[in-house]
Each structure stands twice: as structure tokens, then as C-alpha cells.
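Novice: Taken in order, these protein sequences are the chains called P and S.
For the first sequence, the numbering used here gives the first residue as 1, with consecutive numbering after it.
For the second sequence, the numbering used here gives the first residue as 1, with consecutive numbering after it.
To be clear, the hints were calculated from the coordinates, so they are not data collected in a lab.
Please note: incorrect hints may appear among the correct ones.
Footprint (simulated), chain S over chain P, 3 or more residues, beta carbon under 8 Å [to be verified]: (1) 21–28; (2) 43–50; (3) 69–80.
Beta carbons are placed, not taken as given, at the ideal position from N, Cα and C, and that holds for glycine.
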Amino acid sequence: MKEFFNSRRFKLLIVILFLLLGFIVGAARIGWLDNLPSQIVGVVTAPIRKLSTTITNSATSFLERFTKSEAYFLENEELKEENRLLREQLIEYENFKRENEQLRDLVGIQEQEDEQELVPARVINRDPTDMFYSFTIDQGSLNGISVGDPVRATNGLVGIVASVNYLDAKVITLLNPSIDVGAYAISSLDGGFVKGELELAEGGLTRMFSISISATIGTGDIIITSGVGGVYPKGIPIGTILEVNRETAGTSMYAIVEPVVDVTTIKEVFVITAFRGQGGIEEEVRESQEVDADGSNDASNGSDGTQGESGDTGADGDVPEQGSTP
Amino acid sequence: MRSKSLKLKSISPQKQDRNSMRKRQMIRVLKWVIYIVLMMITFVIMGTPGLMLVNGWKPLLLIPLTVSVAMFEGELAGGIYAIVSGIFWGTVSDTFLGFHALFLYILCVACGLMIKFYFKSHVLSALMLSGVSTVIFCLADFFFNYAMWGYVGREALFIKQYIPIMVYTILVSPVFYFLVKLVHTKVRAKQADEIFEEA
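Using the sequences provided together with the hints, build the complete structure.
Specialist: Laid out in C-alpha cells, this is it:
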């Protein structure tokens, strides 16, 4: 053993260790060095990962037909009841919608279409030690995805793109503490922001902070994105409130939220590469200035166009509790 | 047939040496190609959502694989193999790049040296070394990613998530020991055949 410590082999092992440490420090300081291994590994393993995911998904969905039949039966019964309630709500909604349209016509406000450019993607990798359920998707910068793009499923928000390679991208979910989503409750219009917490992440839950002490938000309320800041589009469902409590300081409240999307098991998502209100107020101001510049001829059309634009800037405007939203 | 044997006889001993050397090198290269393919498959299996998932836990398959390679191939080759594996792992993880490479390198060099000086290459020693490596790796991962940041509920996370992951990893580690042993012994047998033929 003593001979080994004096040998060239031992010195070589130490040199490799220092080179590795140098690489770590270099990767932390130089962006491209940090990105290079991810790009290479992404390109090399992309086909195998896609194949493996396809095989696994097919096999698990086939097996689940037998193993989860009872759970599916119970879920079906619950969904039938939910469907009945939703149908009742739909009739009410249709009446409100018609009334709303009539009022809009009366006042002369044009409805803004909610435009989103979506890129469908599949989850191809999950790190077993990541307790916030981040994952890798099979679409990258070559498909137009960039860092900061919101990620959603058909029924609600999933998270945000944290890093991008040519053929894949890493997504952090709503359960992650480094995420901040401006949100408000549909029924009470109380605002706050959604941020993950380790304690809740294990159960697939998240938390809504900074709710005003006078808020009337309650259990069962559905919360959606506010669109404030221009990071997430407005109106994407986030989750349902499970409980509301006071913060220990007593100045505000927080709520435990069950996300609409189960991010712990999700297999397919959509990356929103462009949406109305993207980039926040600065972008909106720039856009409206451009509209003003080209659209002076529209002035004769009355306030419709410009009114609509400025009305839309108010992703914020639609959130009543502006002070409490981030 | 006769002309063929005449041709064989006409090859000089230096050329024969060179040929057999090249063959042995080819076998060695083939062995490392197999190890790299094995590592890529393991990496994909480890990351594929839903695969080998038991109650939300997945084993850290790259740890027993790299430890087994270090046991059979020595601390230097095993250490370099661990760095490559660690870089692969790091690319899909949220931790800083190099974390996995660094820890796997240190652990595999240590395991290679343990086999060289203290233990025999045996399934029990593989189980023990993989177990210790998994525990050290998980402790480091837990410390740098969760404990250090003071998250609420970190102790519960360690008990409910890390401990089952460690146990699961240790349980599957003999599979990798036998897999690497198979590759190693097959290649060794092939090399021995070459030397025998040469003699």
C-alpha cells in the first residue's frame, strides 16, 4: 500500500482528480463548457432514450389495464358525478357567455383571441434523486424551444423550461421552489404566487403564498395563472385549493394547492414557445408603441384596436389584488 | 492446403507478434466498447420514466455498474469510466455539472484499491462496496441538494425517499457484478486463447 502512494499510478489518479475539479470550476464559470457535455450526451443518447420511453410507456399502459382496473372503475364513477355537475355549470356558463357577448357588443369591446404556439413533447428522462420531479423532454432548441418557455399539459400548467440542448430540454415543475407563478382564484379573484416546497413536493402538492389577509379564498377554489410578468400566459389552470392557513407572521395567508396536472407521472406535455403578453410590461409597451406607430390610420376606426391592446396589457389589470401578486 | 501452410510458414515471427498484439488490442477495445454500451443502456434505464419504478423509488443503477467495473478493471480504468458515467448522469440532473463525476470517481478509485489490497473480487465484496458507495453518494447528494439549503421536511425526505432508494440500489447491485464479471471473464478467456495459439 505504501509503495502505491509513491507510485506514478497514484500521482496520475491525483492529477485526474485535479483536472476534474478544474473542469467543475470551469463549467461553473464558462457557459459553453457547462453546456458542451449536455449537448453531446443529448445527441448521442436521444434515439435510445426515445425508444426506451416508447417501449416503457406501451408496456406500463398495457399492464395498468389489469392492475388498476378497480381504481379505474372508482375513478369512472367519480368522473360521472363530476360530469353531471359540470354539465349543470355549463348551462349556467353558456347563459353568462351570451349575456357577456351582448354587453361587449353594447360597450364596443373586441374580444382578444388567446394565441399560443405549442410544441408537443414527450418526457424521456427523470433523475431518480430529483425530489422536485424535474424531467427532460425530447424537444430542444432545434424545435424552437428556449429557456423560460412555459410548459403545460392539456388540462393545466406543468412548469417552465430550465435549460435547452439541441435535441432535448430540462423542465422544472410547479413543485420546485425555484419557480414563481403569479396566480389568482377564479371564484374570489384573490391573488398570490405559487412556489414549490420540499415538504409538499413528495405528495405532489405545491403552495400559494402572499394571499391577502382579507382574502375570501377557500377550499375547492380553482386557481389559474394571472399572466403578470409575462412569463406564463394568463388563464392556464394551476390547481385546486386544499386548505388555507395564516402565515406565522400573521400578515398574509398561504394555501396548499393540488396541481391539476400530476407532474410526478406526466408523460406528454406542450411547450408554449409564444403567447400573447409574453415578455411582460416592457414587451407590451414596445408592442403597443409599434401598434401606435403603424396604426395611426386605425384611429379613425375608433378606440377598438388600441383599446383592445391596452386592455390586454392588463394581464395585470384583470388581477384585482395587484398588490399581492408578484 | 499445402500452399496455405507454406504461406503460413513464410510469415516472419515479428509479423506474427504484431498480428497477435493487434488482435489482443482489438479484444481490449471490444471490451471497453461493451462497457460503454452497458453504461449507456444503464443510463437510459435509470432515467426512463416509469421503468423499474417501485412505489415512486428508482435505483441509482450507475453506482453498482461503475463500482463493478472498478473492481474488475482496477482503480485507474474504473475511475475514468466513473467520470464518463458521472458526466452522463450530470447532464440530466439539476445538480451542478461534475458533481456525479467527482463522487463516482472518488468512490470507484477507492473500490478499485480496496479490491487490489484488501478484498477478493466476490459477489459479497461487490455487495458491500456498492452498498457503501451508494450510501456515501446518497448522503452527499442529499447534503448538497437539500440539507444545505435548509428546506423544511428534509429529514422526512431522507427517510421516505433516500433510504428506500439506497436499499433498492443495493438489492440490484449483484446483477451488475455478474454482468461485468461475464464481460471480463469472456474477454480474459479470449485473450488467453490468443496467447495459447501464439505459443
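Novice: Would you pick out the hints that fail for this structure and give their numbers low to high?
Specialist: As far as the earlier hints go, only 3 is violated by this structure.
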